[in-house]
Amino acid sequence: MELDAALPDAARLDIVVSGLASDAHTWNLVYLQLVLEEMGHRVTNLGACVPDGLLTSRCEQAGPDLVVLSSVNGHGFQDARRVIGPLRARLAGTPVVVGGKLGVDGAGGRAEALLAAGFDAVFEDADAIAAFRCYVDRLAAGVRS
Amino acid sequence: MTGGSFGGYVARAAAAGELVVQPRMGVAHPARMRAGLAAVRGAGVRAAGTITVDSFTRVGDHHAVRKALATGADLNGYPIAAHPTETTRSVLDGLHGPGFPVQVRHGSACPQKIVAALLAAGLDATEGGPLSYCLPYSRVPVAESVRAWAESCLLLSDARERGARPHLESFGGCMMGQLCPPGLLVAISVLEGLFFRQHGIDSMSLSYAQQTDPDQDAEAVAALRTLAAEHLSDVDWHVVLYTYMGVFPRTPRGATALLERSAELAVRTGAERLIVKTTAEAHRIPTVTENVTALVTAAAAASRAEPRGAAEDTGVLAEARALVDAVLDLAPDVGIALVRAVERGYLDVPFCLHRDNAGRTRAFVDTDGRLQWSRLGALPLPAGRAVPAADPTADELLRSLTHVERIFDRA
Numbered sequence: 001m002e003l004d005a006a007l008p009d010a011a012r013l014d015i016v017v018s019g020l021a022s023d024a025h026t027w028n029l030v031y032l033q034l035v036l037e038e039m040g041h042r043v044t045n046l047g048a049c050v051p052d053g054l055l056t057s058r059c060e061q062a063g064p065d066l067v068v069l070s071s072v073n074g075h076g077f078q079d080a081r082r083v084i085g086p087l088r089a090r091l092a093g094t095p096v097v098v099g100g101k102l103g104v105d106g107a108g109g110r111a112e113a114l115l116a117a118g119f120d121a122v123f124e125d126a127d128a129i130a131a132f133r134c135y136v137d138r139l140a141a142g143v144r145s
Numbered sequence: 001m002t003g004g005s006f007g008g009y010v011a012r013a014a015a016a017g018e019l020v021v022q023p024r025m026g027v028a029h030p031a032r033m034r035a036g037l038a039a040v041r042g043a044g045v046r047a048a049g050t051i052t053v054d055s056f057t058r059v060g061d062h063h064a065v066r067k068a069l070a071t072g073a074d075l076n077g078y079p080i081a082a083h084p085t086e087t088t089r090s091v092l093d094g095l096h097g098p099g100f101p102v103q104v105r106h107g108s109a110c111p112q113k114i115v116a117a118l119l120a121a122g123l124d125a126t127e128g129g130p131l132s133y134c135l136p137y138s139r140v141p142v143a144e145s146v147r148a149w150a151e152s153c154l155l156l157s158d159a160r161e162r163g164a165r166p167h168l169e170s171f172g173g174c175m176m177g178q179l180c181p182p183g184l185l186v187a188i189s190v191l192e193g194l195f196f197r198q199h200g201i202d203s204m205s206l207s208y209a210q211q212t213d214p215d216q217d218a219e220a221v222a223a224l225r226t227l228a229a230e231h232l233s234d235v236d237w238h239v240v241l242y243t244y245m246g247v248f249p250r251t252p253r254g255a256t257a258l259l260e261r262s263a264e265l266a267v268r269t270g271a272e273r274l275i276v277k278t279t280a281e282a283h284r285i286p287t288v289t290e291n292v293t294a295l296v297t298a299a300a301a302a303s304r305a306e307p308r309g310a311a312e313d314t315g316v317l318a319e320a321r322a323l324v325d326a327v328l329d330l331a332p333d334v335g336i337a338l339v340r341a342v343e344r345g346y347l348d349v350p351f352c353l354h355r356d357n358a359g360r361t362r363a364f365v366d367t368d369g370r371l372q373w374s375r376l377g378a379l380p381l382p383a384g385r386a387v388p389a390a391d392p393t394a395d396e397l398l399r400s401l402t403h404v405e406r407i408f409d410r411a
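Chain order of the listed sequences is A and B. So the first sequence is residues 1 to 145, counted in the working numbering. So the second sequence is residues 1 to 411, counted in the working numbering.
No lab work stands behind these hints, which were simulated from the structure alone. Take these hints with a grain of salt, some might be off.
Stated by the list, open to error - Examples of chain A residues lying across from chain B (beta carbon under 7 Å, computed): (1) S22; (2) A24; (3) T26; (4) V30; (5) L34; (6) V35; (7) G47; (8) C49; (9) N73; (10) Q78; (11) T94; (12) D105.
Note that CB positions come from ideal geometry on N, CA and C, so glycine has one too.
Turn these sequences into a full structure, and let the hints steer you where they fit.
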C-alpha cells in the first residue's frame, strides 16, 4: 500500500467527503477518508448530519476536485436528490458522487434517478468500494494529466 | 399511573428473574406503528415497546418530515412531533400500560420537541443524553446539547405532577457503536446518569453495548453496576444492554448467534433489559416480524442462560472510575463538568468527527479480539492503558470494524 508515496503531486485531488443532512452515521465517512488519503488525495471530512446549506457553502469555499457523499440510514435517496440541485448551482462542473445504503428497503436500483438528478456516479452495490476506487483513479488521471 | 412506570415494570421483571427484551421499531404510518407495537406486546415474551423516531425529526428538520408525509415518501421512523397528539394517543390506546410500557427512542441532541410530544401523548420514557446523542450523531455544540438535555430532563420530571414516574436511559454505553473501549463507555453512562439526576430524573437506566469479547463485556457491565451503586444509590436505576451496535453479521445464522450471545451476556451480568438486533440488521431496516422473531430468540436464549461468576479484572473498573472522578472534579455542576471534560480531552471518543471532540484517541481490536486503546490523547489514564500501535490504515480500520461480523458469519 505505497499508493500515496507514488502519486505525483499533480494527480492529488482535493476531495470533500460528507454525510447527508439526516444521517448520523460516521464510520462510512471515517473509512472513506482513510481510503482516499491512502490513494494520495487530500480530504476535507465534513462529518455527519451536514445540513444542505452547510454542505453547499463548504463545497463552494473548498472548490474541490470531487465531492463524495455517503449515506447509510435509508434517507439517502431523498437527502441526495434534494441537495444535488443546490450543489450543482454552485459547482457546475465538479464531479459529485453518492454511495451507501440509499433507501429503507435495501433494494438498490436508485442509481438511474440519482444520475438523472445530476450525480456523476452512484455506488450502492456490494463491490461499491472497488468501483469507487476505480472511479477516483480515472478522475485523478484525467483531471490533472 | 405509578404502577405503569417504565422502571417499575423492569424492576418487577427482574424480581421475577426475567429479562425485559425490547426492539428498535419505528414506522411513519400510525396504523402500521400500532400494529408493530401490538405485535411486540403479543410476542409472548416479557417485552417493552418502542417507538423509534425518524431521523428528519431527530435533526429538527420538521419541513422534510411534513414533505415526506404529504408525498408519501419513506421515513425511517415514526415522526412523533409531526403527527397530532391524538394520532399518537390512538396508536397507543389499549396497548401502552402497566403490562406493556412504551419507550420513545430518537437520537436527538436537542430533543425538547420530541419530549414534549411524547409527554403530550401520555408517554414518559425515553433515552439519549447530552454527550451520547451529541458527539456521535450531531453537529450541535456540546454546551448547547447540555442545555437542551437539561431542559428535556426538566420537561420529563415535571410529568411526576400527573402521577407518572418518568424514566430516562443513557445511551452512553454505545459511543459510535463500536471501537470505543469499555472504560469510556461505562464512564459516560454513569456521568450521564449523574446529569439526569441533577436535573430531577429519579428513574433511569445505564447502557452498555456488546463489544468484541464476552469476558471484557462482562467485566465492563460489572464495573457499570459498581459505579452506579456508588454514585446513584438514591435513584431507581437498571442496566440496559444493547446487542452489538457495529457492523452486523450478514448471515441469518451469524446474526442470530450474536443476538443469543448478547442475551447470555445480559443474564450473566444481571442486566435487566436488552435491546435486540435482527437478522436484517446488515441489510436494511427490519420488519415487524423480524423484530418479533428477534425478541423471541433473545428471550429464549436468556431463559437458557445462567448467571455466572465475575470476569477477570483487567482494569476496566479502575479506568472508568478514573474517568468519572476526573470529570466530576472539573466542576460541581455535572453539565459544566461534561463540557469542560470534552474541551480538555478527558472524554475523547475514538474516531468521532464531532468538532468538539478532541479526536486524539485511537482504539483497535487486538489479536485476542479485545478492544484496546492505542492512543490515550489527554484521557486522565495511566500511559500503560494504551497498547502502542500505528494509526490504522483503511484496511486495518475495516478489519477492526468487521471483526465481529467475520467471526459470526464464519462460525
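### Task
May I ask which of the numbered hints given earlier this structure violates, with the numbers listed in increasing order?
11
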